[in-house]
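Residue numbers (my numbering), protein chains in the order written: chain D, 1 to 336; chain F, 1 to 110.
Derived by calculation from the structure, the hints in this document are not laboratory data.
Heads up, a few of these hints could be off.
As the list claims (entries may be wrong) - One-sided excerpt, in silico: chain D residues whose CB lies under 10 Å from chain F:
1. G122
2. D123
3. P124
4. G127
5. Y151
6. Q152
7. Y154
8. Y193
9. G197
10. L200
11. S203
12. L207
13. R243
14. Y247
15. E249
16. G326
Glycine included, every Cβ here is placed at the ideal spot set by N, Cα and C.
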Amino acid sequence: MRDNNSAIIQNGKYNFQEKLTKNSLSLPPSSIETLQVNITLKCNQACLHCHVDSSPKRTEQMEKITVDKCLEILSNHKEIKNIDITGGAPELNPHFDYLVIEAKKLDKHVMVRHNLTITIDGDPTTGESKKYLPEFYSKHSVEVISSLPYYQEYFTDKQRGRGVFNKSIDSLKLLNDQGYGNENSDLKLDLVYNPAGAFLPASQQSLEHDFKKELWEKFGLKFNNLYTITNMPIHRFREQLERLGNYDEYMEKLINAFNPTAANGVMCRSLLSVSYDGKLFDCDFNQMLGMQIYNIEPMTVFNFDIDLLLKRKICFDSHCFGCTAGNGSSCGGATV
Amino acid sequence: MNYYESKDLGRFAEVGKFKPDLMKKFFDYYNAATNTDGALSKREKALIALAISHFKQCPYCIEAYTTASLESGANPDQMTEAIHVAASMAAGMNLVHGVQMLNILEKSGV
Chain D
1 MRDNNSAIIQ
11 NGKYNFQEKL
21 TKNSLSLPPS
31 SIETLQVNIT
41 LKCNQACLHC
51 HVDSSPKRTE
61 QMEKITVDKC
71 LEILSNHKEI
81 KNIDITGGAP
91 ELNPHFDYLV
101 IEAKKLDKHV
111 MVRHNLTITI
121 DGDPTTGESK
131 KYLPEFYSKH
141 SVEVISSLPY
151 YQEYFTDKQR
161 GRGVFNKSID
171 SLKLLNDQGY
181 GNENSDLKLD
191 LVYNPAGAFL
201 PASQQSLEHD
211 FKKELWEKFG
221 LKFNNLYTIT
231 NMPIHRFREQ
241 LERLGNYDEY
251 MEKLINAFNP
261 TAANGVMCRS
271 LLSVSYDGKL
281 FDCDFNQMLG
291 MQIYNIEPMT
301 VFNFDIDLLL
311 KRKICFDSHC
321 FGCTAGNGSS
331 CGGATV
Chain F
1 MNYYESKDLG
11 RFAEVGKFKP
21 DLMKKFFDYY
31 NAATNTDGAL
41 SKREKALIAL
51 AISHFKQCPY
61 CIEAYTTASL
71 ESGANPDQMT
81 EAIHVAASMA
91 AGMNLVHGVQ
101 MLNILEKSGV
């Protein structure tokens, strides 16, 4: 059911909107600072917690006409300072390099969600090498944001696949060799921690301390920031929860950990998500659930209207409890 | 139905149905002792509690502190070492009383 302001009202068991109302929260958009573009659903990995259901079998790719439209939006809106390029493995889109180079020409801050192993594995379908990536990122001062569930093989491989931890270490060394991860460097390398199961992340600060200590002492590796992200109870992770008989328990955990301060900082208030086919969403999770932004008609990059988008009512659903639990969760880590 | 049901862990606070003032005193003390970063971090406290949970074989506590350990950033290696600390302490506590046996043997002229 949608109201006049295009918000989906959830009448299910876990009612996020009701929780907001009880806490006197409304959460309208505050700005649009980041355009997060999901340019492919294809990946060389098939991680357990992936809300995108990415794998080497996916074929969805953003076409050049849509990439160019995203660049036009960035060019026409100085207030959108950041482009956050994600996927799948975004490097598997044939227009990836072009998008990075052109976005930098527009003086935008370019972030790439880089899974580390793509540099080692290459394209899983064509075998095309991606070994150029560390140097490419360095040359264009891209902020590299990479998942590393833990500083040990067990948790990492359990979540992301056999062999991923060792490949990730090799890939991090290549990025460090390019200058990434030094404290005073402009070349930012951030790591992302997702819990390896149905539990909440520990404090971002304490995990960052542990990761820095362990990765330096064991492997001589450096990075800048650690971001903790809560696992979203959708798609592949939800399937796992249901298989283990854990879904309701996990949802109760998220709801019991609802934090109004974290809710105020949710990323959908300052970010717009673009799908591979140019549709607009409040966030990547809404994108994967098909919860497109509507204003009379479905909104896409081709009928982009920033004034209308700033007045929209963000679409919430039960999965939003993932972003508001504990210290909060976003693509930039904890929100508290 | 079993004597122990996992869902009953969530009903712990209901023990305060009678004498709620005493239960409040308990929870204030418990939260202050276990759920704060002090001279020991929350993680260290969770691992201690995990060890004690196994020592006393409380299934409620084992469940609660397995989760608490994970959510404080501990990993299965650390958690398993904590259990071994508890197990070796239990073994040691048994064995050290063997000194009493030796004392009695000696007194008996053995």
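Query - Proposed interface contact between Q152(D) and chain F, which counts if any beta carbon pair is under 10 Å - result: holds (6 Å)
Query - Residue hint L200(D), partner chain F, criterion CB-CB below 10 Å - result: Nearest chain F Cβ about 5 Å off; hint holds.
**Report entry** Residue hint G127(D), partner chain F, criterion CB-CB below 10 Å
**Finding:** violated (35 Å)
Requested in this report: Classify the hint on S203(D) as holds or violated, based on whether any CB of chain F lies nearer than 10 Å to its CB.
Outcome: holds (7 Å)
Query - Per-residue hint verdict: L207(D), partner chain F, C-beta under 10 Å - result: holds (5 Å)
Query raised in the report: With 10 Å as the cut and Cβ atoms as the points, is Y151(D) at the interface with chain F?
Result: Since chain F brings a Cβ to about 9 Å from Y151(D), closer than 10 Å, the hint holds.
Query raised in the report: Given G197(D) as an interface hint, is the shortest Cβ-Cβ distance to chain F below 10 Å?
Result: With a closest approach of 7 Å, the G197(D) hint holds.
Report task. Could you check if G122(D) really has its C-beta closer than 10 Å to a C-beta on chain F? Result -> Check failed: Cβ of G122(D) comes no nearer than 31 Å to chain F, outside 10 Å.
Query raised in the report: With 10 Å as the cut and Cβ atoms as the points, is Y247(D) at the interface with chain F?
Result: violated (15 Å)
Query raised in the report: Should the hint that P124(D) touches chain F count as held when the rule is a Cβ pair under 10 Å?
Result: violated (30 Å)
Query - Closest C-beta approach of Y193(D) to chain F relative to 10 Å, hint status - result: holds (9 Å)
Requested in this report: Could you check if G326(D) really has its C-beta closer than 10 Å to a C-beta on chain F?
Outcome: holds (8 Å)
The structure does not agree with the numbered hints 1, 2, 3, 4, 13, 14 stated previously, though it agrees with the rest.
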